[in-house]
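Mind docking chain B on chain A? Use the hints.
2 protein chains.
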Amino acid sequence: MARPTPLSGFPEWLPDGRVVEQHVLEVLRHTFELHGFAGIETRAVEPLDQLLRKGETSKEVYVLRRLQDEDGDQARGDQRPDKQLGLHFDLTVPFARYVLENAGRLAFPFKRYQIQKVWRGERPQDGRFREFVQADIDVVGAGELPYHYEVELPLVMAEALGALRDVGVPEVRILVNNRKVAEGFYRGLGLDDVEGVLRQVDKLDKIGPDAVAELLQAEQGATPEQAKACLELAGISGADTGVIDRVRALAGSYGAGTDLLETGLAELGALVEAAARRAPGVVVADLKIARGLDYYTGSVYETVLVGHEQLGSICSGGRYDTLASDGKNTYPGVGLSIGVSRLVSRLLSAGLVTATRGVPTAVLVAVADEEHRAQSDAVAAALRSRGIPVDVAPAAAKFGKQIKFADRRGIPFVWFPGQAGEDDVVGPDQVKDIRSGEQKDADASVWTPPEQDLRPRVVPAGE
Amino acid sequence: MARPTPLSGFPEWLPDGRVVEQHVLEVLRHTFELHGFAGIETRAVEPLDQLLRKGETSKEVYVLRRLQDEDGDQARGDQRPDKQLGLHFDLTVPFARYVLENAGRLAFPFKRYQIQKVWRGERPQDGRFREFVQADIDVVGAGELPYHYEVELPLVMAEALGALRDVGVPEVRILVNNRKVAEGFYRGLGLDDVEGVLRQVDKLDKIGPDAVAELLQAEQGATPEQAKACLELAGISGADTGVIDRVRALAGSYGAGTDLLETGLAELGALVEAAARRAPGVVVADLKIARGLDYYTGSVYETVLVGHEQLGSICSGGRYDTLASDGKNTYPGVGLSIGVSRLVSRLLSAGLVTATRGVPTAVLVAVADEEHRAQSDAVAAALRSRGIPVDVAPAAAKFGKQIKFADRRGIPFVWFPGQAGEDDVVGPDQVKDIRSGEQKDADASVWTPPEQDLRPRVVPAGE
Chain A
1 MARPTPLSGF PEWLPDGRVV EQHVLEVLRH TFELHGFAGI ETRAVEPLDQ LLRKGETSKE
61 VYVLRRLQDE DGDQARGDQR PDKQLGLHFD LTVPFARYVL ENAGRLAFPF KRYQIQKVWR
121 GERPQDGRFR EFVQADIDVV GAGELPYHYE VELPLVMAEA LGALRDVGVP EVRILVNNRK
181 VAEGFYRGLG LDDVEGVLRQ VDKLDKIGPD AVAELLQAEQ GATPEQAKAC LELAGISGAD
241 TGVIDRVRAL AGSYGAGTDL LETGLAELGA LVEAAARRAP GVVVADLKIA RGLDYYTGSV
301 YETVLVGHEQ LGSICSGGRY DTLASDGKNT YPGVGLSIGV SRLVSRLLSA GLVTATRGVP
361 TAVLVAVADE EHRAQSDAVA AALRSRGIPV DVAPAAAKFG KQIKFADRRG IPFVWFPGQA
421 GEDDVVGPDQ VKDIRSGEQK DADASVWTPP EQDLRPRVVP AGE
Chain B
1 MARPTPLSGF PEWLPDGRVV EQHVLEVLRH TFELHGFAGI ETRAVEPLDQ LLRKGETSKE
61 VYVLRRLQDE DGDQARGDQR PDKQLGLHFD LTVPFARYVL ENAGRLAFPF KRYQIQKVWR
121 GERPQDGRFR EFVQADIDVV GAGELPYHYE VELPLVMAEA LGALRDVGVP EVRILVNNRK
181 VAEGFYRGLG LDDVEGVLRQ VDKLDKIGPD AVAELLQAEQ GATPEQAKAC LELAGISGAD
241 TGVIDRVRAL AGSYGAGTDL LETGLAELGA LVEAAARRAP GVVVADLKIA RGLDYYTGSV
301 YETVLVGHEQ LGSICSGGRY DTLASDGKNT YPGVGLSIGV SRLVSRLLSA GLVTATRGVP
361 TAVLVAVADE EHRAQSDAVA AALRSRGIPV DVAPAAAKFG KQIKFADRRG IPFVWFPGQA
421 GEDDVVGPDQ VKDIRSGEQK DADASVWTPP EQDLRPRVVP AGE
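Protein sequence lines, in the order shown, are assigned to chains A and B.
If you're matching positions, the first sequence starts at 1 in the numbering used here and goes up one per residue.
If you're matching positions, the second sequence starts at 1 in the numbering used here and goes up one per residue.
Chain A with its partners taken away, still in its complex shape (with noise of 0.2 Å):
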C-alpha cells in the first residue's frame, strides 16, 4: 500500500495527543460520577427511521450497508427506514431510545453519562468533524422531572470542565437561556411560528442583525416592529437577575408580556441566581440562545472557550420533555454534551496543553546481552508488581543507543540490572535519571520513581 495518508473530518492523535484526549475524559467522567451519572454505552447504529425523525439531521446521517447485501437484501426490499441502520449523530436520540427499551429495568429519575464517538456527514471544517467523541451528562424522569435539574447539570458541566483548568484548559462560559422566554416573548409580539423565528435568531452571529431582520419579515411574516423586538430581546445578557428584569421591561415596552414569558422568566432567573452563587462567573444569561434542535422546550444551554469563541460551543443541551415517549409514557429530560474531540483538536492545534511523554512507561529496562534478557525481564515484573510501568530494552544493544530509546519516547529512568556489570560480575542494580544524568544503586524491590514521573502528566504547554 503507498503511504496513506488522514481523512478529511476524521481525526486521530499521535500517542502524546491521545494522553491528553484520556485525561480529559478521564477528569469528566470522574466528576460526572462523583454526581452520580452511571456511566452506559449505546450501540453505534439505531434504525434510520429513528434517526430521521428530526428533519433537520437527515442531511447528516451515515447509512449503513453490508457489501455482501449488494445485489441481495437490499434489492429485495431492505431499504425500507425502519429495516436500514445508520450511524448515530449524537447520544441524545439514542439515550432516548435506550430509556425506553429498558424503562421497566430502569431507576427514574435516571441519570447518565455516555461517551462516544458519534458520526455526521457534514462539511469538515475547523473544529467541525465527521468523526468525533461527544461527553454527554443527562438526566430523565419517569413522566415528570423537577426544574432543579435544568439548574443543576449546568453546573455539573461547568465543574467538569473547571477541573481541567490546572492542565490548560481555558475558563469556559456557559450561555444560558429559556424556550419558554423565547415562545413567551415572540407569541406576545403576536408572531406565533416560534421555530421559524428561532432558526432566524440562531443565525444571528453567522450573518448578523440586519439580515436576521430581514430573514424574519421576508420568512416569518413579522412586521418591521416585531423583528426590532426580536433583536431587541436578543441582545439581553447578563450574569444576574437583572437580565429578568431587562427582559420583562422590553415585553413591557411591547405588550409581549405572556404567562409562558413569565414561566420562564422565573425559572431562568432561578439558574442565574443559583449558578452565581454556586459556580460564580461561569454561567450568563444570553438570550439570544437559540439552540438549532427543536426539541427544546425549557433551558438552552451553550458554551464557549474563553478566547476562542469562534470555535462555537464546545458543551451543548437543554431541557426536552417529548423525546422520549413510547405513546403511554413520556421522560422528559435535561442534558449537555461536550464536544471532547473539539475540545481536544484546539487544545493541541493551539498549543495550550500538552504531555510529559506519549508512553506509559517510566522505566527502560537495559539488556546487556540476549543471554540475559531473563534477568531484565525478572526486574521489569518486580517493578511492575509494585504499579510502575516498565518496558524492557529490544535489543542487546550499546546502553548509550538504549538510553538514546528511552529518551526518544520521554521515558525518564534507565535501569541497569547489577548482572549487566563487565566481565559478568554480579553488582548492585543501578537506576540512571537520564535527564539529570544522576546514577544510583537501586533494588527492584523497593526502588519507586517520584510520583510526578510515574505516569505520564497532562500540563499547560510552555511549562
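Derived from the structure by calculation, the hints contain no laboratory data.
None of the values given here were measured: they were computed from a predicted structure.
Please note that a few of the clues may not be correct.
Said to hold, decoys possible - Heads up, simulated DSS-like pairs for lysine-lysine below, C-alpha to C-alpha not over 27 Å straight-line:
| # | chain 1 | residue 1 | chain 2 | residue 2 |
| --- | --- | --- | --- | --- |
| 1 | A | Lys117 | B | Lys83 |
| 2 | A | Lys117 | B | Lys117 |
| 3 | A | Lys83 | B | Lys83 |
| 4 | B | Lys83 | A | Lys59 |
| 5 | B | Lys117 | A | Lys59 |
| 6 | A | Lys328 | B | Lys401 |
| 7 | B | Lys206 | B | Lys59 |
| 8 | B | Lys228 | B | Lys206 |
| 9 | B | Lys328 | A | Lys404 |
Just chain B now, kept in the frame of chain A:
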C-alpha cells in the same frame, strides 16, 4: 415511537453490566500500560479498498453512504472502493495503516494498545456480534522485530486476563502454534498449498478429522498418507517442550523434516519454555491452531476460557511480517486481540461476575423540603470535594420514600442534613447505613464511607 426492541448482534448493557465491562477494560488497560504500551485510537472508518485487501473478510464489511449523497456523489462515481468508506472489522488493519501514515513521527519498536468497537456484518449468534469491543496490543518494528516479542505478548495477555480472576473470570488457556512449523511440515510432506491446508485444518473442531481428511484429498490434492500426517500433527499438544520432540519425531517418520520446520520448532520451544517459567499452566502448544487470516507468518495464538471452550477463542492473534508495508519500508509486528464483548457477555449471561451496584453513588443526601434543597446541595458538595460520589434526592418526598430511592439503586448510605430536623431545629447531620439500619451523627467535612462502599465493586457472582 413504539417501545423499541433490541437489535440482534448489537449488545448493550444495563448500568450494572456496564460497571462490569468498565472494570474489565480498566484492568486490561492498566496491565497494558504497566508493560509500556501506549494507548491510541483510530477512526472507525477505512477506505473500502484497504478493508477488502483480505478477501475472506469482505463479506463482513459495513459500507457507509451519506444519506444526502443518494442521488448525488454516488451517482457521479463515488462508488469506487478507494473513495468509499467502510467500518473497520478489526483493529489490526487500521493500526497497520496508522503506522504507515505516522511512521515518521513514531518511535520503533512501537508498542500500542487500542480498545475500540469494531463491526462485522456476520450472522449474529452466541458470542458473535455485529458490533463489539476489542482490546488489542501490538508491537511493530521498523524493518525488523526480534522474536522475543512473540514470547512476551501472549504473556502480557495472560497477565491481563489473570488479573481478572479475582472478580470471577475463569482461568484461561492460551493455545499457541507457529506457522513455520505447519508450513515446514506440510512442505516437507510435499504439500505446497500451505494456506489451503491450513484452511482445512482450521475446520477440525467444526467438522471433525474424517471430513478434514476428505477435504485435504479432494481440495488440496493430498494423498491419504499426507492427509493422515496433517491430522497427526494437528493432534499434538502439550505444555512443555516434549511437544517439540514429538513433532520432530512425527516429521522424521514421514521424512518431512525441513529447515523451516526446525526454525519454527526452535521458536515454539522458546515460547513454551518461557511461558512455563513466567506463567505456569497458562500456555499450551497446540499444533492444530491455524488461524484463518493469511497474514500470520510466525507464532499464532488462541485463548479459551476454561469451562467455556465452546464459546470459542476470546483472545487471538499472531506474528505478521507484511501487513504494514508501503513498498519501501516494512513494519513486521505481533499482536493479540481480546474479544471484550464476547467475554463480558459470557460473564454476565452465565452469572459469573456481578457489580455491587449500577450507580457510582455512595451517598444519597435527603431533602427535607424544597426550601432546604440548597443545604442538601452544600452537603453533597462537601462530600464530593473529598472524592465521594453523591446524589441528592430528586424531590422532598417522605424520608421513607427517599430511603427507598437509595435502596433501589444499591446506594449504601442516606444522609440527613441537620437542618432537616423537625420544628426547624438545627441538629447535627446524620448518616444512615440503610443495609444495617445504623444511623449516627456525621460531619460532611470529615465523614468517609468504608473503602469497600466508596465505589461499585465488581465481584464473583454469589459472593
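A quick look at each hint next to the structure:
1. Lys117(A) - Lys83(B): Measuring from Cα to Cα gives roughly 22 Å; hence the hint holds.
2. Lys117(A) - Lys117(B): holds (10 Å)
3. Lys83(A) - Lys83(B): This hinted pair holds, its Cα atoms lying about 25 Å apart.
4. Lys83(B) - Lys59(A): Holds, at roughly 19 Å.
5. Lys117(B) - Lys59(A): Holds, because 25 Å separates the two Cα atoms, which is no more than 27 Å.
6. Lys328(A) - Lys401(B): Holds, at roughly 25 Å.
7. Lys206(B) - Lys59(B): holds (21 Å)
8. Lys228(B) - Lys206(B): With Cα atoms ~18 Å apart, Lys228(B) and Lys206(B) stay inside 27 Å; holds.
9. Lys328(B) - Lys404(A): holds (25 Å)
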